[in-house]
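Throw the hints in and build the complete structure from the sequences for me.
Each chain is listed here by its residues.
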Amino acid sequence: MKKIKILLGFTLCFGVFYLFHLSSQVIYFKSWKKINEIYSIDSFFGKLNWLIEVCLSLILLTSVIFIFLALSKILKKGYFNITTSKSFKRAGFTLCFVSALDLVKSVLEISAGFHAEYYIGYSMFNVLLFLLSLGLLSISQIIRNGSLLKQENDLTI
Amino acid sequence: MPIIVNLDVMLAKRKMKSKDLAEIIGITTANLSILKSGKAKAIRFSTLEAICKALDCQPSDILEYACTEQS
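So the sequences go chain by chain: F and Y. Using full-length UniProt numbering, the letters of the first sequence correspond one by one to residues 1 to 157. Using full-length UniProt numbering, the letters of the second sequence correspond one by one to residues 1 to 71.
One thing to keep in mind: the hints can contain errors.
As the list claims (entries may be wrong) - Here are some of the chain Y residues that sit facing chain F, going by a computed Cβ distance under 10 Å:
| hint | residue |
| --- | --- |
| 1 | PRO2 |
| 2 | ASN6 |
| 3 | LYS13 |
| 4 | ILE24 |
| 5 | ILE27 |
| 6 | ASN31 |
| 7 | LEU32 |
| 8 | ILE34 |
| 9 | LYS39 |
| 10 | ALA42 |
| 11 | ILE43 |
| 12 | ARG44 |
Don't read these hints as lab results, they were simulated from the structure. Just so it is clear, CB atoms sit at the ideal spot from N, CA and C, and this is done for glycine as well.
Structure below.
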């Protein structure tokens, strides 16, 4: 449980810093004029690139929140329970969704010839994120099976 | 579940209370209640042996199979 507590602390810190980063991005680019200046020249999506990035960041933040909820439920109810499994499943699906979308975006940017060297490295990060999401979905399934086994064990007289 | 637990019937026949049986076989009254209500998923051979010994009966007196047709 000590490691879960450490992981929960790191997740909370990451969530708070990510929220801070996201809000600072929104505050910094509050005018379309500024967004036009920076994004419209060197991006496939033009000024919409900013909006897409903010949306993807919000989905990623949602995933972090689900992970946080799952970890806090482990601390409250133990390793094997259905609610933890559901939270991990939601986190896995949102992470899977955001990494797939980000990967598609990177591929489009590369094919259009915008910052190819940057986006190739970035797409590798997205692949890693995708693998992480599959790992979360697997953990969710393991917890679900463990929960069923625990329930059966508890109801064996 | 098609397996019916007739522990209540046997307890009535032997005129024994649930609390006493729980004490004799060494399980909690809560667990005995789960067993009686049919919510239990499984029963250990050791528990079944203890119940049979305490009530002086056979496993078939406690457990019964009832065929339920599913449409």
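Right, here's what the structure says about each hint:
1. For the restraint placing Y/PRO2 at the interface with chain F, the shortest Cβ-Cβ distance is roughly 17 Å, beyond the 10 Å limit, so the hint is violated.
2. Taking 10 Å as the C-beta contact cut-off toward chain F, the hint placing Y/ASN6 at the interface is violated, the least distance being around 15 Å.
3. This hint is violated: Y/LYS13 has a C-beta 21 Å from the nearest C-beta of chain F, more than the 10 Å allowed.
4. For Y/ILE24, the interface hint is violated, the least distance from its beta-carbon to any beta-carbon of chain F being 14 Å, above 10 Å.
5. For Y/ILE27, the shortest C-beta to C-beta distance to chain F is roughly 6 Å, which falls under 10 Å, so the interface hint holds.
6. The restraint placing Y/ASN31 at the interface with chain F holds, with a minimum CB-CB distance near 5 Å, inside the 10 Å limit.
7. Checking Y/LEU32 against chain F by beta carbon gives a least distance of about 8 Å; that is within 10 Å, so the hint holds.
8. At about 6 Å, the closest approach between the beta carbon of Y/ILE34 and any beta carbon in chain F falls short of 10 Å, and the interface hint on this residue holds.
9. A distance limit of 10 Å between C-beta atoms decides the matter here; for Y/LYS39 the minimum to chain F is near 7 Å, and the interface restraint holds.
10. Residue-level restraint check for Y/ALA42 holds (minimum Cβ-Cβ distance to chain F is 4 Å; threshold 10 Å).
11. The interface hint given for Y/ILE43 is met, as the beta carbon of that residue sits about 5 Å from the closest beta carbon of chain F, less than 10 Å.
12. Satisfaction of the interface hint for Y/ARG44 is found here, the shortest Cβ-Cβ separation to chain F being roughly 6 Å, below the 10 Å cut-off.
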